[in-house]
Amino acid sequence: DGGITQSPKYLFRKEGQNVTLSCEQNLNHDAMYWYRQDPGQGLRLIYYSQIVNDFQKGDIAEGYSVSREKKESFPLTVTSAQKNPTAFYLCASSVGQPDNEQYFGPGTRLTVT
Amino acid sequence: AQKVTQAQTEISVVEKEDVTLDCVYETRDTTYYLFWYKQPPSGELVFLIRRNSFDEQNEISGRYSWNFQKSTSSFNFTITASQVVDSAVYFCALRGRRTGNQFYFGTGTSLTVIP
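Top to bottom, those sequences are chains A and B. Using the numbering used here, read the first sequence as starting at 1 and increasing by one per residue. Using the numbering used here, read the second sequence as starting at 1001 and increasing by one per residue.
The hints are simulated quantities; they were obtained by calculation from the structure and are not laboratory data. A portion of the hints provided could be inaccurate.
In silico SDA-like links for lysine to any residue, alpha-carbon gap of 25 Å or less [to be verified]:
#1 K83/A to N18/A
#2 K1038/B to V95/A
#3 K1038/B to V19/A
#4 K1038/B to K83/A
#5 K83/A to H29/A
#6 K1038/B to R13/A
#7 K9/A to A1001/B
Residues from chain A shown here face chain B by an in silico Cβ test under 10 Å; the list is partial [as the list claims (entries may be wrong)]:
#8 F12
#9 K14
#10 Y33
#11 R44
#12 E101
#13 F104
What you are looking at is a predicted structure, and each value in this text was computed from that prediction instead of being measured. Just so it is clear, CB atoms sit at the ideal spot from N, CA and C, and this is done for glycine as well.
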């Protein structure tokens, strides 16, 4: 089945450690996105990528980094510079045309203590 | 500027009641696209509907209906005869033709359907 996979579902890390969240899609979508969701809040864009080897900062990119070496993969690294990393992280993808919707992965809940 | 406002933070209804979720948007694009997503407790967002700015026809899909009015910049979502399974957070989103691939989400409305 086509879709987006994120792993793991739950992730626990100690403060000061970098952690990488995985996002893979087999929908042949050009664009991929990372969002952060805090309890009771909406989605905030961290980074997005429209094509391989290219990505743009979203509204809250500080303390995060990404890569897009393959069309199917868009991993997100939460660095130790991110002040409040505990959150729910959602990956999404879409066809590159503006009239197409995004498809979302199941999300990764990151807890940093 | 692109902005989506969902003024209703939380709504509770009793099962079988109708409920309308409001969405107001701002954009300078003349061509844009509006979306509704459902986020059940599992967390994954599920796409419900897409509407482009040239199509103001209302749409009905089973118990769901959408009312798009450009004159008031609104794209409201109505659930008829609500069911417990409708309990979720609902997000409205905007994508402008000129802003490329970036989506703008509202803060969501949490709907609780009480049995």
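Tested hints:
1. Our distance criterion of 25 Å between C-alpha atoms is met by K83/A and N18/A, whose separation comes to about 12 Å.
2. Using a Cα cut-off of 25 Å, the hinted pair K1038/B and V95/A holds, with the two alpha carbons roughly 20 Å apart.
3. At roughly 28 Å between alpha-carbon atoms, K1038/B and V19/A are farther apart than 25 Å, so this suggested pair is violated.
4. For the hint linking K1038/B to K83/A, the alpha-carbon distance of about 29 Å lies beyond 25 Å, and the restraint is violated.
5. At most 25 Å may separate the alpha-carbon atoms for a hinted pair to count; K83/A and H29/A exceed this at roughly 32 Å.
6. Of the pairs offered as hints, the one joining K1038/B and R13/A is violated, with about 29 Å between alpha carbons and a cut-off of 25 Å exceeded.
7. Pair hint K9/A plus A1001/B does not hold up; C-alpha atoms about 34 Å apart against a cutoff of 25 Å.
8. Checking F12/A against chain B: minimum C-beta separation of about 17 Å lies over 10 Å; hint violated.
9. The criterion of a C-beta within 10 Å of any C-beta in chain B is not met by K14/A, whose closest approach is roughly 24 Å, and the hint is violated.
10. Because the beta carbon of Y33/A sits about 7 Å from the nearest beta carbon in chain B, less than 10 Å, this interface hint is met.
11. Because the smallest distance between the Cβ of R44/A and any Cβ of chain B comes to about 8 Å, under 10 Å, the interface hint for this residue holds.
12. With 10 Å as the threshold, the beta carbon of E101/A comes within range of chain B, its nearest partner Cβ sitting at about 5 Å, so the hint holds.
13. A distance limit of 10 Å between C-beta atoms decides the matter here; for F104/A the minimum to chain B is near 4 Å, and the interface restraint holds.
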